[in-house]
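J.: Protein chains in written order, with full-length UniProt numbering: chain H, 1 to 550; chain A, 1 to 175.
Incorrect hints may have been included.
Unchecked claim - Taking beta-carbon pairs under 7 Å as the criterion, some of the chain H residues facing chain A (in silico):
| # | residue |
| --- | --- |
| 1 | R31 |
| 2 | E39 |
| 3 | K45 |
| 4 | A48 |
| 5 | K464 |
In short, the hints are calculated from the structure, not lab data. Built from N, CA and C at the ideal position, the CB exists for glycine as well.
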Amino acid sequence: MTDRIGHDTLTLADDSIGKLPDHLLIEIFIRVPVSEWAEISCVKKQWANLFRGECLWQAALARTFPRAGQAKRWPGPIPRGLSRRRYIALQVSKQIFSLDGEMDEIVGHAYLFLKEQLELSTMPPPSGVLHGTIIDQFIACGKSRDTAHELASQIWLAVIDNLEENEQTFLLLKRLALEGDVFLPYPYSRSIQVQWRVFEKLFTDFRDCFNQVDYYDVLACAKNKFQPIPSLCWLTSLTGQRNAGHRLYHELFATSNLRSGNGLRTARYRPRRLWKGYMSWLYALVIKCVFSPPPNQSTYCSSLYRHCETVRRTMHIVNLDPAAENFDYPVAMDIRELISLEDVMEELGLGPNGGLIYCMEHLEDNLDDWLAEELDNYLDDDYLVFDCPGQIELFTHVPVLRNFVDHLKSRNFNVCAVYLLDSQFITDVTKFISGCMASLSAMVQLELPHVNILSKMDLVTNKKEIEDYLNPESQFLLSELNQHMAPQFAKLNKSLIELVDEYSMVSFMPLDLRKESSIRYVLSQIDNCIQWGEDADVKIKDFDPEDDDE
Amino acid sequence: MASSSSSSSCSSSSEKKITLKSSDGEALNVEKNVALEFEPAKGFLEDNSEEADDEAIVVPLPNVSAAVLSELIPYVKQRLELSAKPVQKKLIKAFDDQFTRHLSDDKLGELMLAANYLGVNYLLDVLCDVTADRIKNKSVEYVREFLGIQNDFTPEEEAELRAQCPWAFEGVDQD
Numbered sequence: 001m002t003d004r005i006g007h008d009t010l011t012l013a014d015d016s017i018g019k020l021p022d023h024l025l026i027e028i029f030i031r032v033p034v035s036e037w038a039e040i041s042c043v044k045k046q047w048a049n050l051f052r053g054e055c056l057w058q059a060a061l062a063r064t065f066p067r068a069g070q071a072k073r074w075p076g077p078i079p080r081g082l083s084r085r086r087y088i089a090l091q092v093s094k095q096i097f098s099l100d101g102e103m104d105e106i107v108g109h110a111y112l113f114l115k116e117q118l119e120l121s122t123m124p125p126p127s128g129v130l131h132g133t134i135i136d137q138f139i140a141c142g143k144s145r146d147t148a149h150e151l152a153s154q155i156w157l158a159v160i161d162n163l164e165e166n167e168q169t170f171l172l173l174k175r176l177a178l179e180g181d182v183f184l185p186y187p188y189s190r191s192i193q194v195q196w197r198v199f200e201k202l203f204t205d206f207r208d209c210f211n212q213v214d215y216y217d218v219l220a221c222a223k224n225k226f227q228p229i230p231s232l233c234w235l236t237s238l239t240g241q242r243n244a245g246h247r248l249y250h251e252l253f254a255t256s257n258l259r260s261g262n263g264l265r266t267a268r269y270r271p272r273r274l275w276k277g278y279m280s281w282l283y284a285l286v287i288k289c290v291f292s293p294p295p296n297q298s299t300y301c302s303s304l305y306r307h308c309e310t311v312r313r314t315m316h317i318v319n320l321d322p323a324a325e326n327f328d329y330p331v332a333m334d335i336r337e338l339i340s341l342e343d344v345m346e347e348l349g350l351g352p353n354g355g356l357i358y359c360m361e362h363l364e365d366n367l368d369d370w371l372a373e374e375l376d377n378y379l380d381d382d383y384l385v386f387d388c389p390g391q392i393e394l395f396t397h398v399p400v401l402r403n404f405v406d407h408l409k410s411r412n413f414n415v416c417a418v419y420l421l422d423s424q425f426i427t428d429v430t431k432f433i434s435g436c437m438a439s440l441s442a443m444v445q446l447e448l449p450h451v452n453i454l455s456k457m458d459l460v461t462n463k464k465e466i467e468d469y470l471n472p473e474s475q476f477l478l479s480e481l482n483q484h485m486a487p488q489f490a491k492l493n494k495s496l497i498e499l500v501d502e503y504s505m506v507s508f509m510p511l512d513l514r515k516e517s518s519i520r521y522v523l524s525q526i527d528n529c530i531q532w533g534e535d536a537d538v539k540i541k542d543f544d545p546e547d548d549d550e
Numbered sequence: 001m002a003s004s005s006s007s008s009s010c011s012s013s014s015e016k017k018i019t020l021k022s023s024d025g026e027a028l029n030v031e032k033n034v035a036l037e038f039e040p041a042k043g044f045l046e047d048n049s050e051e052a053d054d055e056a057i058v059v060p061l062p063n064v065s066a067a068v069l070s071e072l073i074p075y076v077k078q079r080l081e082l083s084a085k086p087v088q089k090k091l092i093k094a095f096d097d098q099f100t101r102h103l104s105d106d107k108l109g110e111l112m113l114a115a116n117y118l119g120v121n122y123l124l125d126v127l128c129d130v131t132a133d134r135i136k137n138k139s140v141e142y143v144r145e146f147l148g149i150q151n152d153f154t155p156e157e158e159a160e161l162r163a164q165c166p167w168a169f170e171g172v173d174q175d
């Protein structure tokens with residue numbers, strides 16, 4: 001008897017797990033993480049067959065997504081499919097979208113649908129059609145138009161992000177990028193975020209796949225699509241995807257260099273190395289500046305002019321903003337005599353910002369001609385105020401103003417840069433830091449005496465707060481930043497603050513245009529910087545011989 | 001589920017003994033409440049409930065060997081005692097862990113077959129978990145060797161299978 005027992009257990013021991021019935025194997029498999037299922041199905045043919053059958057997927061559905069069993073079928077163009085597909089859909093939507101609730105499954109199915117359509121066929125239907133199908137599906141499920149649009153955008157983004165990096169994807173993205181715009185009403189219109197991501201992906205992941213012609217085609221397309229859009233979509237897509245967003249932005253602006261005729265001059269556009277680490281962050285801010293209401297330096301100029309008029313100081317204001325429209329003060333020199341932004345935009349087909357950069361480069365090319373001639377009209381003691389365009393990248397990235405300033409210096413001008421920061425920035429410490437960084441960047445780029453002014457002080461209600469911002473304390477800013485942002489940014493915050501703090505050059509002066517004393521104070525600071533009036537002689541007018549006679 | 005129904009009957013019938021007869025003809029005496037955990041035994045007892053003397057009943061279990069049965073019975077017994085008290089799940093889990101930790105892989109398979117046959121779902125659950133744990137994060141070759149399974153694929157078939165499940169990795173950080 002004992003012999004028999006020993007024998008029995010021996011034969012059992014041979015491959016007891018191999019002997020397990022299918023339903024037990026399934027029970028085991030669905031407990032193994034999904035990512036290993038492919039491996040497991042490679043062990044044995046019987047096992048692979050289990051993964052092809054319906055039973056395993058039903059069991060997996062019941063175990064992982066117990067609620068899926070109760071889900072009803074839905075109307076609409078995207079079908080539900082068998083358990084395997086349902087499981088995949090649920091799994092995908094859990095991993096990618098982390099939604100919960102009854103939308104899970106349909107989102108997953110829509111994702112699979114879109115991905116298959118894009119990936120499998122050699123000539124996928126136009127994106128508008130696919131997008132429409134998804135929107136229809138959500139609306140058929142009783143979602144509002146806004147929700148449908150939002151979900152569809154998310155699905156597009158997820159699919160674009162998850163496409164494999166191969167040539168087919170490159171061709172696909174290129175086709176999506178070059179696809180003509182058909183006007184479709186909301187919510188069937190594709191979201192700008194999605195289009196942006198297509199270009200972004202092309203210019204980052206697939207940059208090396210382009211040949212020259214395609215590259216410029218796509219670039220031109222991107223410019224057409226995005227430049228006229230003064231909306232926050234840029235911003236959201238940028239802040240959402242900081243790492244890559246700056247690249248496309250870079251491309252867009254670099255083209256204005258390319259188009260200005262000298263072929264590949266992108267190298268000139270390279271930001272200083274110092275900024276490398278912070279570049280992506282900065283671009284997001286830069287755009288913010290571009291589209292925020294223009295800084296009020298023109299108002300500043302006019303107030304300054306009126307003030308000087310009253311104190312009988314001579315001052316000439318030079319307009320360097322080719323987009324400026326009207327002035328309430330006499331302009332001594334005007335860049336619009338040289339070039340006008342409107343013409344540039346019309347003739348070269350550039351957007352407002354690209355056009356502006358072109359204008360400034362034109363100015364740079366004419367430094368020795370036009371500017372030199374104009375400057376000849378002024379004498380030693382004349383005081384010139386240059387009213388620059390508000391686009392911050394002119395100061396931080398493009399060397400135009402730097403060259404301009406060098407030119408002035410070479411003619412023995414004492415130059416001082418005045419940087420106006422809108423005082424609304426102090427209401428939000430993140431904005432304030434961006435302002436500081438931009439100012440610091442301009443300082444480093446221009447290498448000039450620099451006066452930072454916090455303008456529109458009359459609009460600030462809480463005057464006590466200002467003190468903290470005029471001479472920014474690193475610890476104070478850091479703690480404020482950390483309070484306003486998610487904890488994962490703590491390290492970034494710290495290094496940003498350290499950067500600003502290490503240079504310890506940024507401090508601000510309040511300016512309230514309603515108060516004469518405030519203007520006088522600011523002016524005296526600027527005068528101090530450029531040593532104006534230090535070598536002034538006593539005014540001859542006071543010793544007019546006619547006066548003596550009287 | 002099975003454990004809760006048995007815990008109520010535990011007090012009344014705990015003294016009565018049932019005889020279970022294994023596949024190799026060995027007879028084992030168990031308490032009635034333990035025997036009731038096994039579905040074939042439960043069915044058999046219900047069918048023969050008219051007979052007054054429980055001692056006389058011999059339940060045949062033709063698919064389980066005495067060796068496995070003698071491991072199962074103490075586990076089920078202790079598990080019943082545990083779930084009769086209002087103990088936390090943690091304790092039950094610790095107990096399960098202790099039970100499964102020292103099992104060899106062959107033993108695991110045998111127990112699983114037995115638990116499946118006897119319908120002891122909670123044990124099956126635990127055993128499946130353990131097996132899944134043992135084969136996860138292992139290479140295919142390792143799993144084959146580990147379980148003594150012959151490879152019946154050609155390399156091409158295998159490669160094709162491996163490429164089949166890309167969706168499982170979407171949205172997962174691969175490190």
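J.: R31(H) was flagged as interface toward chain A. Is the shortest Cβ-Cβ separation under 7 Å?
T.: 4 Å, holds
J.: Given K464(H) as an interface hint, is the shortest Cβ-Cβ distance to chain A below 7 Å?
T.: 47 Å, violated
J.: Using the nearest Cβ pair, does E39(H) come within less than 7 Å of chain A?
T.: Nearest chain A Cβ about 5 Å off; hint holds.
J.: Does the interface hint hold: is K45(H) within less than 7 Å of chain A, judged Cβ to Cβ?
T.: The hint holds - K45(H) has a Cβ within 7 Å of chain A, the shortest such distance being about 5 Å.
J.: Given a cut of 7 Å on the nearest C-beta pair, is the interface hint for A48(H) held or broken against chain A?
T.: 6 Å, holds
Against the hints set out earlier in the document, a violation occurs for number 5 only.
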